[in-house]
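K.L.:
Protein chains in written order, with our numbering: chain A, 1 to 744; chain B, 1 to 155.
One should not assume that every hint holds.
Unchecked claim - Derived pair list, reagent style DSSO-like, types lysine-lysine, alpha-carbon separation capped at 30 angstroms:
#1 B/LYS142 / A/LYS7
#2 B/LYS10 / A/LYS5
#3 B/LYS54 / A/LYS7
#4 B/LYS150 / A/LYS674
#5 B/LYS10 / A/LYS674
#6 B/LYS2 / A/LYS5
Unchecked claim - Computed footprint of chain A on chain B; a stretch qualifies when at least three of its residues, placed anywhere within it, have a C-beta under 8 angstroms from a C-beta of chain A:
#7 29-38
#8 66-78
#9 85-96
#10 100-114
Don't read these hints as lab results, they were simulated from the structure.
Every residue, glycine too, gets a C-beta built ideally from N, C-alpha and C.
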Amino acid sequence: MAIGKSKFRIDAPGKVTGETLYPADIDRENFIHAKVVFSNKPHARMKRMDLSAAEAVTGVLGIFTAADVPVNEYGLTMFDQPVMVGVNATGRSKVPSDVSRWEGDQVAVVVAETPEAAQAAAEKIQIEWEDLPLVHDVWDGLKDDVLVHPEAGTNAFKHYVIRKGAMDDGWAAADVIIEGRYEVPHQEHAYLQPEAAISYVDEMGRITIEIGGQWTHEDQEQVAHALDMPAEDIRIIYPAIGGAFGGREDMSLQIVMALASWKLYQKGETRPIRSQWSREESIIGHHKRHRAVVTTRWGATKDGKITAVEADVYLDAGAYNYTSNKVLGNFHLCVAGPYEIPNARIDSYAIYTTTVPGGAFRGFGAPQGAFAAESQMNKLADALGIDPLELRLMNCLHDESIAITQTPMPAGVSIRQVVEDCASASQWHQPLADAEPFQAFQSLAADKSNIRRGRGIACAYKNVGFSFGFPERCEAKIELYGSVEIERAVLYHSAAEVGQGTHTALRQMTAEALAIDYDKIEMVLSDTAFTGDSGSVSASRMTFMAGNAIKGAAERALEAWQNEDRPAVGQIRFTPRSTDMIDDVTGKGDANISYGYVAEVVELSVDIETGHIHIERVVCADDVGHAINPNLVVGQIEGAIVQAYGYAVTENLRVVDGRILNPRLSTYLIPGIKDIPLQVDSVLVEVPDPQGPWGARGMAEMPFIPLAPAIAAALHDATDVWFDKIPLTPENVIRTLRDNEKTS
Amino acid sequence: MKVSMTVNGKGVERDVEPRMLLVHFLREELDMTGTKIGCDTSQCGACTVHLDGKALKSCTMLAVQADGADITTIEGLANGDLHVMQESFWENHGLQCGYCTPGMIMSTTALVQDNPNMSEGEIRHQLEGNLCRCTGYHNIVKAVQQASEKMGGGD
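Chain A on its own, in the form it takes in the complex (with noise of 0.2 angstroms):
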């Protein structure tokens, strides 16, 4: 068995020595050097460009705005987007181009024989602009006095509803109401690579793009699109990749790099490009996890079952859709949590604003979700007088129940037990116990009598795979070598290594499916011109989608072997049953084919003086299904929780009048080692996922949903306060005490 095995990551090797090539770390002889110029501006019409001062600058080889772009337009479900900002657009596209609608707006790329010299070039450019009103926040966007996008008629251009049962008999059943309203923050990636790429015309008069990305042939998709090409004319190379986490899901320098390799390459300019963004650049540059503010309110009977469930999710868009639609959806779904509710009314709106986009983040619209329907949960369970373990296993969802989407579950539905693993590896029925008091400051001598100590639980789940219609596929080739005995087998396959560990349960999955050694594999991995499209790696679907392609390619490798063919190859486009877009008036639909299920339970402390937080364990159980390799497995969980903790806790993304205030690691605090809970302890449940390659259910994002209602709830129990808004950094935290101490 090659699976089932902690094999060591067969990229450490490269990555512990420093030899491993990230898109900065590559070396061409004769690089010429990018500059992507931000507008600037959060909400501006650009009333005229003069890159005459810029060009006049020595060293300067080009510069190209909008007026180059042949379809000045982007969007990975939509375009709404111009690829850059400019008065003299041409093109086919529709998209308004001469507005930019957010700071990081794109006006130009100047290349130059230098950085030095794009840089100066770039401060030259002359750009005159009238400013237009900002549409700072939701409720701004609502009034639909200032329109981010006049085209679309109103700044709320997305809207899912779910009608389900009768909300008055809903109510009336119900003993007890509970009401709350929910803010969740923006959160920035903060990957440790800085985007960077470089761009060159290859030997087949391909134009080529080596960054760090997660989709291949999306990125081909895009570039082509807006340079009205062929696909088969972009390439997309993908080297070491610096993290991700549904950061690299939209397009920083592919589109911009391409087109001005492009342009030069048509002027007899052959030498390849480079450019990098500084971490300034990186945060102001690309899109967030998106801030949203929820309203809602649930019914239960007094011994404990839900009879309603209404809620309002207000979601900041930002200036452009990126996947904001999709996220949305997946919001609307966990926001009545994984649970079985009779009655259901839900209304989310995605908000266009003139402030930086959100779009994809680790759990995609599933953590902010989560922080209302579990915070309602744990409301209910105190209200009620009932433990909040047992409200959720009262009303969790089986393999028989029908969903908020008004469709049967997909089978595998493991929620009752990943919540019943999680409390006896918790020992929640035990009393918690004590622990040493924390200090928040080194120089302070910890205050015992400040210290409050609480736990607190909650569960989730969120879809494997992509959701509500969007095409699902992923291919694999395998090819076999050797005469009478397989040899070696070599698989070519798109999926991104961002750090997961992809790479190495790709190669334990092929020797799998082949039944030979695991040593007998080699890959070929991430280049268009070369592997098939594999779909992205989010929602947590690579291991899910990579798997299933993988057996059937191997099963017609196989095949293809005892016909005598040598090489023997296999090759398959996997698509699993296909999804539906929900009813636009009941919200009706089969949205989703696979589910993964967690629960968490937090134990912490907390100074009601200082507002410091200190986790002294979190317990996750993740059902996975089948753990391909089971130490990368922990590593998702340790990591998804750790940067829950910067979600829920320390990382406070400041964004005032359409600028962000603290673009820097200096001023966005994302946790450090001495922040983090000091022991998480990994519960891998193993239910299989009927559709999954071995049982394998897609598991990188579940870890970190609950977290954050996890500790609110644990903050409960401490205090006896509730807390509806994060980050819990230390001075919102005594606000919301002191506020508290006032009302009560």
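Following the hints, put chain B in place on chain A, whose structure we already have.
P.N.:
Only chain B this time, still in chain A's reference frame:
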């Protein structure tokens, strides 16, 4: 300005712009890209190297300030075989995307050389200056503990 130093055991001499940072000197002048740049504000520690045996964020020093120094980068740590710390990060899954890894390894090797008997708490304390966005740090601590035992600690 002329600057000369020893990098991974070899003498190097270059004429550099006086404002050039040591990290840029290593990456751009010497093409040694194992040392990473993650933040520009000295938070992340991805650019950590050894200067005369001590761990140093190479973005906090100008190349000219390192004149005459003995520098070791991640490329120079292994001596034929992998260094015990490199092996230990590999075996303990102490890395994911790998971008913080060279800095983590350079920080921890200097620490363990100075103090091979660090407790878990001390290791955590000493790694405050290196950020990792992927692993959640626990496997990094395990890697350092194991390497530290092999490097002669615990006796």
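K.L.:
Does each hint hold? Answer for all of them.
P.N.:
Each hint, compared with the structure:
1. B/LYS142 / A/LYS7: Roughly 17 angstroms between the alpha carbons, so the hint for B/LYS142 and A/LYS7 holds.
2. B/LYS10 / A/LYS5: Violated: B/LYS10 and A/LYS5 sit about 42 angstroms apart, past 30 angstroms.
3. B/LYS54 / A/LYS7: 34 angstroms, violated
4. B/LYS150 / A/LYS674: OK: B/LYS150 and A/LYS674 at ~25 angstroms, within 30 angstroms.
5. B/LYS10 / A/LYS674: 37 angstroms, violated
6. B/LYS2 / A/LYS5: At roughly 54 angstroms apart (the allowed maximum being 30 angstroms), A/LYS5 and B/LYS2 break the hint.
7. 29-38: It holds, with 8 qualifying residues against the three required.
8. 66-78: holds (count 5)
9. 85-96: With 8 residues closer than 8 angstroms to chain A, the segment 85-96 of chain B meets the three-residue bar; holds.
10. 100-114: holds (count 4)
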